[in-house]
Amino acid sequence: MSDPDLFFPVGDTGPALLQIIEAKKICATCPVIDACLRGALERGEETGVWGGLSEDERRTLRQRTVRAQLVAVA
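Read left to right, the sequence shown gives residues 13 to 86 (my numbering).
These are computed hints drawn from the structure, not numbers from a lab.
Honestly, I wouldn't trust all of these hints.
[Unchecked claim] Derived Cβ-Cβ restraints for the label pairs, each shown as a range: (1) D15 / L82: 33 to 43 Å; (2) D15 / R55: 17 to 27 Å; (3) A28 / Q75: 17 to 27 Å; (4) V22 / L73: 36 to 46 Å; (5) V85 / K37: 35 to 45 Å; (6) K36 / V78: 18 to 28 Å.
A quick note: this is a predicted structure, and the numbers were derived from the prediction, not measured.
The beta-carbon is built from N, C-alpha and C at its ideal position, and this holds for glycine as well.
Produce the complete structure using the sequences and hints provided.
Rendered as structure tokens:
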């Protein structure tokens, strides 16, 4: 069992970056990684590592999804 705090680093440089990497390693072997990411996106989780993605990676994914939806409507 992993320490839940591992998935909620403070910052994204130095020790926090190492923490993000470790959390992602755990996510990579998790059987619910897809459901975890989907849930985090649906809930608008802004902090932590969810579904193998960091805060910045989820933000980028949301922006790309919104852009793709706008292009599809246009």
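The hints, checked one at a time:
1. D15 / L82: 33 to 43 Å: For L82 against D15, whose Cβ atoms are near 40 Å apart, the range 33 to 43 Å holds.
2. D15 / R55: 17 to 27 Å: 22 Å, holds
3. A28 / Q75: 17 to 27 Å: 22 Å, holds
4. V22 / L73: 36 to 46 Å: 22 Å, violated
5. V85 / K37: 35 to 45 Å: 38 Å, holds
6. K36 / V78: 18 to 28 Å: Hint holds: Cβ distance 24 Å, inside 18 to 28 Å.
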